[in-house]
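Asker: Since the structure of chain P is provided, determine the placement of chain V on it from the hints.
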Amino acid sequence: MMNSDNEVSKMTNFSEETVNTSNPEKVILTMNKIQKSFDGLVVLKDINLTVRHGEVVSIIGPSGSGKSTLLRCATFLEKIDGGEIIYLDKKAVTTSFSGKVCYTGKAEMKEIKKYFGLVFQQFNLFPHHSVLKNVMEAPVNVLKRDKAEVEKEARILLEKMGLADKADQYPCNLSGGQQQRVAIARALAMKPEILFFDEPTSALDPELTIEVLKIIRQLAEEKMTMVIVTHEMSFAANVSNRVIFMDGGVIVEEGDPKDVFGNPRQERTKQFLKSYKEE
Amino acid sequence: MTFGTMLSTMAAGMLKTILLFVLTLLGSLPLGMIVVFLKKSKFKPIAWITDIYIAVMRGTPLMLQLLVWYFGPYYLFGFSIRGYKFTALLIGFIMNYAAYFAEIYRSGIDSMPIGQYEAAEILGYSKIQTFMKIILPQVIKRILPSVTNEVITLVKDTSLASALAYSEVFSLAKQISASQTSFMPFLIAGIFYFVANYVVAWIMNRIEKSMQYYK
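Note that the protein sequences, when read in sequence, are chains P and V.
Each residue of the first sequence is one higher than the last, beginning at 1 in our numbering.
Each residue of the second sequence is one higher than the last, beginning at 1001 in our numbering.
Same shape as in the complex, but just chain P:
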């Protein structure tokens, strides 16, 4: 029984990979006309965002521009007030003509949630679980996968993160950079189609920031689809295929990082980027 299950999962993985390579332009996430306000304060105004397979999208902008809220809406931690969210071929949220927002049913939502992972600014590791267990728990409990097989994969992931020797440690004994790398491993263990990062290095000092960015860069080289909210401008310029500059709940400018950073068209973008150069 267990064996046949494994075979099925291997087969589906295989077929997915075939689709991915044959169609690199596959759209993973579509967000249409996203609206969100908190107590009358409009945070997102008609945001459109499309992310294709293998793309690395950086979202930059001043505090309060709505970039974190956009990620939280995409991952359903916040409910949108209007718009559409589609993952691959599954419509997660739709809005009717009358403006009624409709989230899809529980069962389909559960399937959709498997498509994405999120890495938090504050890591949010489970402190009562060892590093290894942090990585293993969700695949075992949520995906109901075989424990031994998951452990094998988890150890490979930890090795990739440079944390092979920390498997039996507890999060409280790790540095911030190490904790964030465990959080990335935990997200990757679910084999998401797309990985979101919400200011992954904002809680880290410069040295620890570098070790986390190195991992994200490595994932980008492996064609992991990622959306990264960040304040690390040079990182955004070097690693992403596309940069989105947000301010006041709208996308002010969007495009190739060379253009957005080297030759911004909008006055607001120039002003924002200047504040970084003066630093």
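Rather than coming from a laboratory, the hints here were simulated on the basis of the structure.
On a predicted model such as this, the values are computed, not experimentally measured, just so you know.
Where hints are given, some of them may not hold.
[As the list claims (entries may be wrong)] List of simulated lysine-lysine pairs, DSSO-like, C-alpha gap at most 27 Å: (1) V/K1141 to P/K133; (2) P/K191 to V/K1133; (3) P/K100 to V/K1127; (4) P/K100 to V/K1042; (5) P/K133 to P/K91; (6) V/K1141 to V/K1040; (7) P/K223 to P/K160; (8) P/K90 to P/K223; (9) V/K1039 to P/K106; (10) V/K1133 to P/K133; (11) P/K79 to V/K1039; (12) P/K91 to P/K114; (13) P/K26 to P/K114; (14) P/K106 to V/K1156; (15) V/K1133 to P/K79; (16) P/K114 to V/K1127; (17) V/K1039 to P/K133; (18) P/K110 to V/K1042; (19) V/K1042 to P/K79; (20) P/K106 to P/K90; (21) V/K1133 to P/K166.
[Claimed, not checked] Which bits of chain P does chain V cover? Going by a derived footprint, with three or more residues having C-beta under 8 Å, they are: (22) 124-131; (23) 137-149; (24) 167-174; (25) 198-205.
[Unchecked claim] Label pairs and their calculated CB-CB ranges: (26) P/K110 to V/I1203: 38 to 44 Å; (27) P/K79 to V/N1149: 38 to 44 Å; (28) P/G64 to V/P1061: 50 to 56 Å.
Don't be surprised by glycine CBs; every beta carbon is placed ideally from N, CA and C.
Answerer: Just chain V, lined up with the frame of chain P:
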């Protein structure tokens, strides 16, 4: 009455005290959890009733509550139940302590950072899985010192059963002391409570230490 007979008479009371203590814990620790869920219920009337229940349990003397549970059926419905005394005591103690435990659990649950819930949600945990696997284990560690306090108080509060003349150790001490005009029974009772609490504190300390592997 020799010291030996005094001690052996009181030993029966000690067993009754321990029985009352253990059964109260077995009842009130889980019931407290149910009370928290009722208090956090989205259906407001249930939450209000639970609030009133907690307010009454904490706001009136336990001794009075015991008397109400025991004599209530007679005064309200005009009948008395044979052999009801121990049951009345258990109901009184469990209902009272469940209210206190519920408040301790609530403080622990409310102190959990929202990030733990969000991380679990993103990973696809169901609400029940999140509570059982992520929240509850951490809450237990946080509330253990408060629970220890409450358990120690319970050991001493069992003496309130003497209000219903239930022959636990404190009732017996009073009776024997009066009939023998001796202070010795109170001394024996005092030592008994002290030793019992020493054991409780030792056990709880061991449990606390076993959870110190993480911060």
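Asker: Each hint: holds or not?
Answerer: Evaluated hints:
1. For the given pair, V/K1141 sits about 18 Å from P/K133 by alpha-carbon distance, which is consistent with the 27 Å threshold.
2. Among the hinted pairs, P/K191 with V/K1133 is consistent with the structure: their alpha-carbon atoms are about 21 Å apart, no more than 27 Å.
3. Our distance criterion of 27 Å between C-alpha atoms is met by P/K100 and V/K1127, whose separation comes to about 26 Å.
4. As the CA atoms of P/K100 and V/K1042 are separated by approximately 23 Å, the hinted pair is consistent with the 27 Å bound.
5. About 32 Å separates the Cα atoms of P/K133 and P/K91, which puts this hinted pair outside 27 Å; it is violated.
6. Between the alpha carbons of V/K1141 and V/K1040 the distance comes to roughly 21 Å, so the proposed pair stays at or under 27 Å and holds.
7. A threshold of 27 Å between alpha carbons decides the hint, and for P/K223 with P/K160 the separation of about 15 Å falls inside it, so the pair holds.
8. The straight-line distance between the Cα atoms of P/K90 and P/K223 is roughly 22 Å, inside the 27 Å bound, and the hint therefore holds.
9. Proximity of V/K1039 to P/K106 is assessed by CA-CA distance (about 26 Å); at most 27 Å being required, the pair is judged to hold.
10. With a C-alpha separation of about 12 Å, the suggested pair V/K1133 and P/K133 falls inside the 27 Å cut-off, and the hint holds.
11. Straight-line distance between C-alpha atoms of P/K79 and V/K1039 comes to about 26 Å, which keeps the hinted pair within the 27 Å bound.
12. Proximity of P/K91 to P/K114 is assessed by CA-CA distance (about 14 Å); at most 27 Å being required, the pair is judged to hold.
13. Our distance criterion of 27 Å between C-alpha atoms is met by P/K26 and P/K114, whose separation comes to about 17 Å.
14. Under the criterion of a C-alpha separation no larger than 27 Å, the hint pairing P/K106 with V/K1156 is inconsistent with the structure, at around 50 Å.
15. Only pairs whose Cα atoms come within 27 Å are accepted, and V/K1133 paired with P/K79 is accepted, the gap being roughly 25 Å.
16. Taken as a hint, the P/K114 and V/K1127 pair is honoured in the structure, with Cα atoms around 16 Å apart against an allowance of 27 Å.
17. For a cut-off of 27 Å, the pair hint linking V/K1039 to P/K133 is broken: about 33 Å separates their Cα positions.
18. Taking the CA atoms of P/K110 and V/K1042, the gap is about 23 Å. The hint holds against a cut of 27 Å.
19. A C-alpha spacing of about 19 Å is found between V/K1042 and P/K79, which places the hinted pair at or below 27 Å, so the restraint holds.
20. Under the criterion of a C-alpha separation no larger than 27 Å, the hint pairing P/K106 with P/K90 is consistent with the structure, at around 13 Å.
21. With a CA separation close to 22 Å, the supplied pair V/K1133 and P/K166 stays within the 27 Å bound.
22. By the rule of at least three residues with a Cβ nearer than 8 Å to a Cβ of chain V, the coverage given for the region 124-131 of chain P holds, with 5 such residues.
23. Only residues whose beta carbon comes within less than 8 Å of a beta carbon in chain V count, and the region 137-149 of chain P has 5; three or more means the coverage holds.
24. A count of 3 residues in the region 167-174 of chain P with a Cβ less than 8 Å from any Cβ of chain V is obtained; the coverage claim is therefore met, three being the minimum.
25. For the region 198-205 of chain P, the stated coverage by chain V is not satisfied: 0 residues place a CB nearer than 8 Å to a CB of that chain, which falls below the threshold of 3.
26. A hinted range of 38 to 44 Å for the beta carbons of P/K110 and V/I1203 is consistent with their spacing of about 42 Å.
27. Taking the beta carbon of each, P/K79 and V/N1149 are about 41 Å apart, inside 38 to 44 Å as hinted.
28. P/G64 and V/P1061 have their C-beta atoms about 53 Å apart, which keeps the hinted 50 to 56 Å range intact.
When the structure is compared with the earlier hints, violations turn up for hints 5, 14, 17, 25 and for no others.
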